[in-house]
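Please arrange chain B on chain H, whose structure you already have, making use of the hints.
From first to last, the protein sequence lines are chains H and B. Residue numbers for the first sequence follow numbering that gives the first Met the number 0, so the first one is 0 and each next one is one higher. Residue numbers for the second sequence follow numbering that gives the first Met the number 0, so the first one is 0 and each next one is one higher.
What the hints contain is simulated information worked out from the structure, not anything from laboratory work. Honestly, I wouldn't trust all of these hints.
[To be verified] Once the Cα atoms are required to be at most 27 Å apart in a straight line, the calculated DSS-like pairs of lysine-lysine come out as:
(1) Lys45(H) - Lys168(H)
(2) Lys454(H) - Lys99(B)
(3) Lys24(B) - Lys425(H)
[Unchecked claim] Derived CB-CB ranges, DEER-like:
(4) Gly280(H) - Asp131(B): 52 to 60 Å
(5) Gly427(H) - Asp213(B): 35 to 43 Å
(6) Ser146(H) - Arg106(B): 48 to 56 Å
Beta carbons: idealized from backbone N, C-alpha and C, even for Gly.
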Amino acid sequence: MSKYTEDDLKKELETKEYEYGFYTDIESDKLPVGLNEEIIVAISKKKEEPEWMTDWRLDAFKKWKEMKEPEWANVKYEKPDLQKISYYSAPSNKPKYNSLDEVDPELLETFKKLGISVDEQKKLAGVAVDVVIDSVSVATSFKDTLSEKGIIFCSMNEAIKKHPELIKKYIGTVIPKTDNYYAALNSAVFSDGSFCYIPKGVKCPMELSTYFRINEAGTGQFERTLVVADKGSYVSYLEGCSAPSRDENQLHAAVVELIALDDAEIKYSTVQNWFPGDSEGNGGVFNFVTKRGLCEKNAKISWTQVETGSAVTWKYPSCVLKGKNSVGEFYSIAVTNNFQQADTGTKMIHLGENTKSTIISKGISAGKSQNSYRGLVRINPRAKNSRNFSQCDSLLIGNECGAHTFPYIETKNKSAKIEHEATTSKIGEDQIFYCNQRGIDTEKAIALIVNGFSKEVLNKLPMEFAVEAQKLLEISLEGSVG
Amino acid sequence: MLKIKNIHAKIEDKVILNGIELEIKAGEIHAIMGPNGSGKSTLASVITGKEEYEITDGQILFENEDLEEVSPEERAHKGIFMSFQYPIEIPGITTTNFIKTSINETRKARGENDMPAKDMLKMLREKCDLLDIDQKFLSRSINDGFSGGEKKRNEIFQMAMLEPKLAILDETDSGLDIDALKIVANGVNKLKSQDNAVMVITHYQRLLDYIVPDYVHVLFDGKIVKSGTKDLAHELEKKGYDWIKEEVNK
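The following block holds chain H by itself, in its conformation from the complex:
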């Protein structure tokens, strides 16, 4: 008997469509591949969304159709065929749990494989985890503690139904539907994601955490996250990703919007470990993400990211410093090995007076990889006395990799102060021999040197994340020196 393929599924679906109508339950609960208005309506229906959301998606789709895929990034890859992707898939039984105890043991097993056992996570004091597996939230914890303070932390899908006024007010306000090709695509087809709202004056008592994972082959992942910190509030949000090995390329086009109202602070930390492809450069995730935060008066947004995964990364977590005295920070470690390509950085848009931004970027390239920092610092005419400090350091391992820096500085106000520092260094044989002579083998020596190089950024991560990040750095550079 021949293998049951996706095509078979598609055929079956087509047949069943006639038999029972389009929304027939199918075993894998997966939409047929392809992208058109019907699919978008179907996604929206599956999610039981209100009409305004369906219309919002359709509008995004209409705009997306007129857009072109960007080509300015310093990366080369075969463009994914967006008609060959299934835009919705959910675990077959679509479980909805109130606590982690009710989670399917198989799912827990998956977490163990990812190195983040749920048991351990529970113990990690104060971490609430909103688990997103293949687009559908299946478990949310610590909800009660949070709701006592009026904090909303739930899946985007749930938020659309339960808090439409907040979603309507904020979605797409920082990253408009037409912002860029992939953001538009996400707006049209986003499967699920997380929503977080911190009420006025509330300091979120724990780190909020989401773990993402791509589960099924051929399933695009289009997450959408919206974090709103109301006046005078504070939240630290952790996002971790990991994908299992895949032969085919997978597309990941997420959108993350942060809104920090007056005097609020959002700290957003990411550890990204999507499948980078094998050592020959086959497979791996395309990570085309749009992340941006808006700061009102005296607000602060800090992005911290550790990027070790993905075959191609295209990501610029940015801050729009709209309000007076607002602060934007970007701390990044981007590691590329083998054939990985990363074009990542940030944009700091200074609109208000006395706004301040800090950029610390650490790029580490090994193997045959290419690692680019691309950053924009823009000081608008009204942004009097604005300040920026940027530091971009690159570390090279071996002779076949590349490190590139593309800093863009646009100043339209003479009172602005902008500093930019950049260094490039190479792990030298002398450094390695020194470690060897002290009994430290080459792999460990590289890990040590890389850790030292990345320290300024690692220090910005919440404790439990920092440990994980350090491990990731080690794993992703394994075998980088022959």
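Just chain B now, with coordinates in the frame of chain H:
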């Protein structure tokens, strides 16, 4: 402890060591002297296993084991330590962290567990006292922005922590003022025992006033051309190296 038999070594196509014979026993201090370019540092490099050097002939035995197939880190695990002439900087890694990694990797190789943090701290404190080192020094990135003297002192500090069987001091005196020299030498003397050995590589006899060798060897053109006691070092100090050259060329 260390037996070097007829070692020939080259880097790229340049022959540097040309048949070295040397034996160092436990409890001994040997000084290797010689003019610039005579092969002193190369000798240290081949003992510690630096890969750029190709050994074309001869044998190095450490505790009766041939080191030919032994990697640099394994040599370190066996108890060979070198104080570098130019210690390397590793920004972002504290001296404590570096030494901790070094000790625990060595213990792991010997099948032992990590040193408990409490013991490690105690040992760090003791060795700081022994070498008259301010403990603040330990939280600085290793060798990063250190003065020449600090770097050398850090090397001896690592030696104190690792307690090697054979310590090779490669031009440890270069770049040190007299006070720093005394501190470093004092440290080496305190660590010296009947169970370990020291090989001091130096250009000048100054250091040998403080670390008194049992044997002095003069290296010239990749060969040991003269061996003697510490008096030989004094003679070299007085007469320079030329008379050795003349003697060799006779």
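Hints, verified against the model:
1. Only pairs whose Cα atoms come within 27 Å are accepted, and Lys45(H) paired with Lys168(H) is accepted, the gap being roughly 23 Å.
2. Distance restraint check for Lys454(H) and Lys99(B): the Cα-Cα separation of roughly 17 Å lies within the 27 Å cut-off, and the hinted pair is therefore satisfied.
3. At most 27 Å may separate the alpha-carbon atoms for a hinted pair to count; Lys24(B) and Lys425(H) exceed this at roughly 40 Å.
4. Against the hinted window of 52 to 60 Å, the Cβ-Cβ separation of Gly280(H) and Asp131(B) comes to about 54 Å, which satisfies the hint.
5. Hint check: Gly427(H) to Asp213(B), Cβ distance near 36 Å, so the stated range 35 to 43 Å holds.
6. Checked against the hint of 48 to 56 Å, the C-beta distance between Ser146(H) and Arg106(B) comes to roughly 50 Å, which is consistent with it.
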